[in-house]
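Trainee: Protein chains in written order, with my numbering: chain A, 1 to 343; chain B, 1 to 343; chain C, 1 to 343; chain D, 1 to 343.
For the record, the hints were derived by calculation from the structure and aren't laboratory data. All clues stand as given, with none of them false.
With a straight-line cut-off of 30 Å between C-alpha atoms, the simulated DSS-like cross-links for lysine-lysine are:
#: 1; chain 1: A; residue 1: Lys250; chain 2: B; residue 2: Lys250
#: 2; chain 1: B; residue 1: Lys188; chain 2: D; residue 2: Lys188
#: 3; chain 1: C; residue 1: Lys250; chain 2: D; residue 2: Lys250
#: 4; chain 1: A; residue 1: Lys188; chain 2: C; residue 2: Lys188
4 protein chains.
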Amino acid sequence: MIRVGIVGGTGYTGVELLRLLAAHPGAEVVAITSRGEVGRRVDDLFPNLRGSCDLVFTEPAAAALAACDVVFFATPHNVAMHSVPALLDAGARVIDLSADFRLRDAGIWSRWYGETHACPERLAEAVYGLPEFHREAIAGARLVACPGCYPTAIQLAFAPLLAGDLVDRDQLIASAASGVSGAGRQAKLDNILTEASDNFKAYGAAGHRHQPEIEQSLGDLAGGPVGVTFVPHLLPMIRGIHATCFARLKTPGLDLQPVFEDYYADEPFVDVLPAGQHPQTRTVRGANRCQLAVAVPQGRETAVVMATEDNLVKGASGQAIQCMNIMLGLPETNGLAHPGLLP
Amino acid sequence: MIRVGIVGGTGYTGVELLRLLAAHPGAEVVAITSRGEVGRRVDDLFPNLRGSCDLVFTEPAAAALAACDVVFFATPHNVAMHSVPALLDAGARVIDLSADFRLRDAGIWSRWYGETHACPERLAEAVYGLPEFHREAIAGARLVACPGCYPTAIQLAFAPLLAGDLVDRDQLIASAASGVSGAGRQAKLDNILTEASDNFKAYGAAGHRHQPEIEQSLGDLAGGPVGVTFVPHLLPMIRGIHATCFARLKTPGLDLQPVFEDYYADEPFVDVLPAGQHPQTRTVRGANRCQLAVAVPQGRETAVVMATEDNLVKGASGQAIQCMNIMLGLPETNGLAHPGLLP
Amino acid sequence: MIRVGIVGGTGYTGVELLRLLAAHPGAEVVAITSRGEVGRRVDDLFPNLRGSCDLVFTEPAAAALAACDVVFFATPHNVAMHSVPALLDAGARVIDLSADFRLRDAGIWSRWYGETHACPERLAEAVYGLPEFHREAIAGARLVACPGCYPTAIQLAFAPLLAGDLVDRDQLIASAASGVSGAGRQAKLDNILTEASDNFKAYGAAGHRHQPEIEQSLGDLAGGPVGVTFVPHLLPMIRGIHATCFARLKTPGLDLQPVFEDYYADEPFVDVLPAGQHPQTRTVRGANRCQLAVAVPQGRETAVVMATEDNLVKGASGQAIQCMNIMLGLPETNGLAHPGLLP
Amino acid sequence: MIRVGIVGGTGYTGVELLRLLAAHPGAEVVAITSRGEVGRRVDDLFPNLRGSCDLVFTEPAAAALAACDVVFFATPHNVAMHSVPALLDAGARVIDLSADFRLRDAGIWSRWYGETHACPERLAEAVYGLPEFHREAIAGARLVACPGCYPTAIQLAFAPLLAGDLVDRDQLIASAASGVSGAGRQAKLDNILTEASDNFKAYGAAGHRHQPEIEQSLGDLAGGPVGVTFVPHLLPMIRGIHATCFARLKTPGLDLQPVFEDYYADEPFVDVLPAGQHPQTRTVRGANRCQLAVAVPQGRETAVVMATEDNLVKGASGQAIQCMNIMLGLPETNGLAHPGLLP
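Same shape as in the complex, but just chain A:
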C-alpha cells in the first residue's frame, strides 16, 4: 500500500482526498495535518467519514511527512512553497493542489498572488498536473502542480481546437461558473447561504488569478501565445464547474464533433458527449470526469465548447489522485472509476 500524507486536511479538497482514498485499493492515508485542529479526530470535523477514517489531525511535522510515499498539499496558496523544498530534498514526492507551483514565472506569480515567491528556483522542476497534456512528465515527476479547477475545464475545452489549429488563438473567450465549494471551507460573508443562494453573479471580471495559468498552458499546447478572456461566475450550488468557451473558427461551420471525439478517444476521464447533448454539472458530481460537448450555432464562425467537471474531483482532489496513480505506476483509474451521484 502506498503511504499518503495530506497537509492541510480541514478544507474541502482535504476531505475529498479522504473520501476518494478511502475507496482506493492501493493507497492509505497515514498522516493528515492541520495547525488549527491538532488532536481532533478527523471524523469529528467531517462526520461523513465516521467508520471510514480513524485518523487524528497532527502538526505538519516534516519527518512524518517525509516518510510518506507521496504528500498532498491541500492548502491555500502561499503554504506549500515554504515546505515543499525540504520535503523534496528528503526524498518525498509532492502533489500540490494549490497555486504555488503552477506558473513558471515567479514574477507573474507575484503579480497575481500579491506576494514574493518563496522558492522560485524550484518552479522549473514542477510538472503541471493535467494528465491529458503531460502524462509522461507526470510519471517521472517528483513535484506535481495540479491545475486550478477552472483551468482544467477550460483547457480541456479548448485543447482540440488549438491542437488542430482550427481557431484564432488570440480571441479565446471562457465564460465559466463554479459552485461555492470552489471558494473553500471559509467563513466569508459572500459565501453564506443567504448571500450566495438563489443568486448568480460574475466576479473578478477585470482579471482572475486563473487567467495567466490558462494562457501559459494553452500557449504551450498551441505552440505560441494565446489570448484568453476569462470571466468566472458564482453558482448557487455546492459542487460543479461549467465552462462555456467561444472561439472563432478558421473554417466557418466546421463539424467539430469528430475532432473532439478523436482527440479524447483514449482518455479515461474526458468524455465527449454525443452530438446535440449538453453537459451538466450534476452528471459528474462526485466523479473524476470532464464531460464535453461542442456546437457551432447556426453553422457560423463561432465554436462553442461546453465542459463540466466536479471542481473538487477532476478539478482538484480526483485529478491529484490521478496524478498520484501515474507517478507511482498504478493503473491511472484506480479509485477513480465510480459513477457520479445522480440525482
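Given the structure of chain A, go ahead and fit chains B, C and D onto it with the hints provided.
Mentor: Showing chains B, C and D alone in chain A's frame:
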C-alpha cells in the same frame, strides 16, 4: 382607474402581473382568463394573493376583454396571434408578453417557432416593447410586443457599445443564464427540483429562439446587421437572468464606465453600477430593474458587459406594466418603484 | 410623515425595515446607524436599495435618534438594553427587534443569554409586540419588545387551542424550521452555502433561547403554566419559518377548522387556510402574513397545527412596522398589505 | 458473481441501484427493464453512468428475470404484486422496493393505496427488509419487502425507546422531512424547482401511507399496539430524510445516550452520534447510513430523537442491497461501505 384584463393568468407572468398590479395606484385587474381553471378563485391557485385578489378565472370571452382599457396576453406563443386581431379591431390596446409579435418577418418566425404565423399582416403594427429603445413609439401603440427575458438583458448590455459604434458588430457573444421560472409553470421532467437543482447546463447551444429577436433589434439600433452568438444556460434557482456579453473593442482598453453611465443617465429602470462592482441577480429580485456593469479585462480589446434582471419583472411582467404606463400616459414608474427583495 | 430611526441597519432585519418602509405611505427613515459602516451609503451595502434610499450610515448618536418619532433596534441581543433607557427618558418611542426586553424575568434572561441584564428595572415597561395578543397595550406603549421569529409562528399556532382550553397544556410540542436568514448576516462557517445548502438538521435540541419566551407568553394566554418542547431546524433556503405544532386534544377528533377560523376572523395578517390545504413558506415570502392550517390525523387525539411566516417580515421587521402603526395611530396595515413574492 | 435483474430502472431508486452495484465486488446487473424505454441505452438516460454501464433497457420478460439470482423491483406500487408471484414460483429471489408487500393486512393496504391487492395470499411470505429488526428472517427469505424511506428513519429512531419500554407507546410523534427525490422521477407540477425550491411545507398531515407501516412494525417491536402521529414535509433539496421523533418518557430526564449506543453497538449502518451533536442529512448523502442523536430538552419528560438517512440509499436502494447481501450470504457491508459525499 385603468381597467386591465389578463389572458392566460395561470402562469408565472400572470401571477406576477397580479402581484405588481395589486400595488399599482392607477390600474385594476377586472378580468383574468384561463381555459383550464374557469370558475376557480385565483387565490386558490396562488395563495400569496389571499387578501389581495378576489377574482375568479373566466373563459377568455372577447366582449369582456374588449371592455378593458388594456389586455395583457400572458400566454405561451401561438395563442395571442389568434385573438389579438379581433381585440384590436374592437378598439382594445394589447400588450403581448409572448413571442407572437416580436419578429417582423413571419417567415423567420415560422422557422424558429415551427408553425405558420396566424396574422402576418398585423406584425408591422406591433411596437417592440423595450421602452429604453422605443419609448415614443410605445406611447402611440395599440399593440406592444414585449421582448423576451434574455433579449431584454442582452440588448441593454450591448446598446451603449453599438450606439457608439465602439465594437465589431459581427462578433457579439452573449453567454446568459436564467432561473427556472423562465421555463414557465409547467410540469416538465427537466424542471423538477431533482433534475434542475444543484446543477448548471447550457441548452439550445446550437440555436435558441431569442437569437433572431436579438439580432433584429440590435441591428435596428446599430443601423446594420449584427452577428450574435447566444448561449443560454439554466440556473438552479427560481428568478433572475444574468447576461455576460463580450464584444471586440475598436479601441483596446477604452474606458467604458462613462459610456454606460451617460447612455443610461435618464433611465429609471436601468442602473449602471459603480466601476468595479458586479451585478447580482438577487439585488433585482422582484424589482423592475436591470443592473449593469462593464469591464475590460487586463485593459485589452475585449469588453465584458454584465447585466442582471428579474426575468419575471424587467424581463416580462414589470416591463409590460412599464409599457402600459407609457401607452396610457401614466408616470412610467407607477407601481414599479419598489426595491428588490434581499436577501 | 413619521420620522423613523434605525439602530443597527447592516443586518437583514435592518435592510428589510428599509425595503418595507420605502413603500410605507406615512413613514420615512431619517437616520440609520452602524458603528462599523459609518459614512458608507446604505445602497452601496445593499444594492437592491439603489434608487430607493439615499441615506448614509451614521454613528448611533443619541440626539439624532431622540429626535425621531420612533426608533427601531435591529441589533443583536445585548445592545438595545444599554441604549434604550436613555432614549425612553428623552421621550422617544422604541421598538426593539432583539431579545433584550422579551422576558419579564431578568434572571431567566441571564440564564439563556449568558449575561447580566443591563436594565432589569425597565423590563416591566416593555409590551410584547405580538399585536394579535396585545394590540391595545401596544397602542399605549413606549417600548415594544418584538417577539422572536419562531415564537411568533408557534404562538399563533397554539393560541386558539389554549384560549379555548382544548388541549393538555403541559404537552405542547413544536417542531419548527427556519431559513438561514434567521441566523443573521454573519460570516459563520455553519451558514456558508456549502455547509447549509442541500442539508437539513436540528439544532439546539437540548434547549433554545426562544423556548422560555414561548412558555411565558403562552402561559399568559392559557392562564397558567404551559409545557413546551421546542426543536428548531435549519432549512436550506433563505427566508421562511414553518412550525409544525402538536397538542393532545381533550376531545379526540374535534373539528378544529371553525375554531381557528373564528379565532382569527378579524386579524388582517393571520390567514387560516381552507380545510385540507397546507401552508407553504413561499406563499408568504416577503409578506407580513402568517398562514395556518390544522389537522387531526386519523381523527385521533393529536392536533397538528402548521404555521408559516417570513421570518424577516411577520417574524421580525414587518411585525415591528405593524407595531409602529398601532403605536402611532396609523391604519395597522399601512405599508404591509402587499402580496408575497411567488414564485 | 451474483446475477441481478432490475425491474423499472428509469426512476431514482433504479439509477441508484445501478450506481451502487457498479461498485459492488460480488454482484453484476445483467438485466434492466422499462416498458417506456425499451432499446435505449441506460447511460443515455443517466449520463452519470457513461463508462460504468453498457446495458440497454428491455421489456420486463419473465424468463430473463427468472434467470437472475435476485430481482429488484424499483417500480411504483401496484406493479410488483402482479409479477412477483410468477417469479417466485420460477425460483427467483425478489427484493421489492415498493409498498406492495409491506403491510400484512390486504385490507389496510387497500384502504391506503386505493386498490385491491393482487396477491394477498403472498403477503405472509414477505419479510420486512429492515435488517436491524429482521436480519435472520431476511437471510432465509425469498421475498423481501423493503421499508419506505420515512419508516426506516422513524423506526430506527423509536426502536431503542420501545424495546426498552421507556416511553408511552401510544403517544409517539414523528415530524419528518424529505428531499424531493422521495417523490420520484416524475413530471409533477408540485415538484418543479420553481414550486419546490426555497420552500417548506407539510403534506398529507391528515394521514400518509407510511403511517400504518410504521405502526405495524413498531407494534411488533413493542409487543403491542403503538400510536404514531406522523407528519411528512417536503424539503427544498434533492436527497435526504430527517426525522424528529418525540416520545413521553416514563422516567423524566433519563440519560438516553447509553441506551442508544448500546442498542446499536453492533450495527454497521446505524451510527449514534456523540452526545450533543445533531445529525445532518448531508453527512449521509450517498451513504448507506442512518445517523442518530437523542436529547431530553431541559431534562424534562419528552425525549427527542433525530435520525438522518439518504432516502435513496439507506431509505431505499442501499438498504435493498444490504438485504441482498444478507439473503445471498455475502458480507453485509459489501458495496456499501463508502463514505457520504460532503460537501
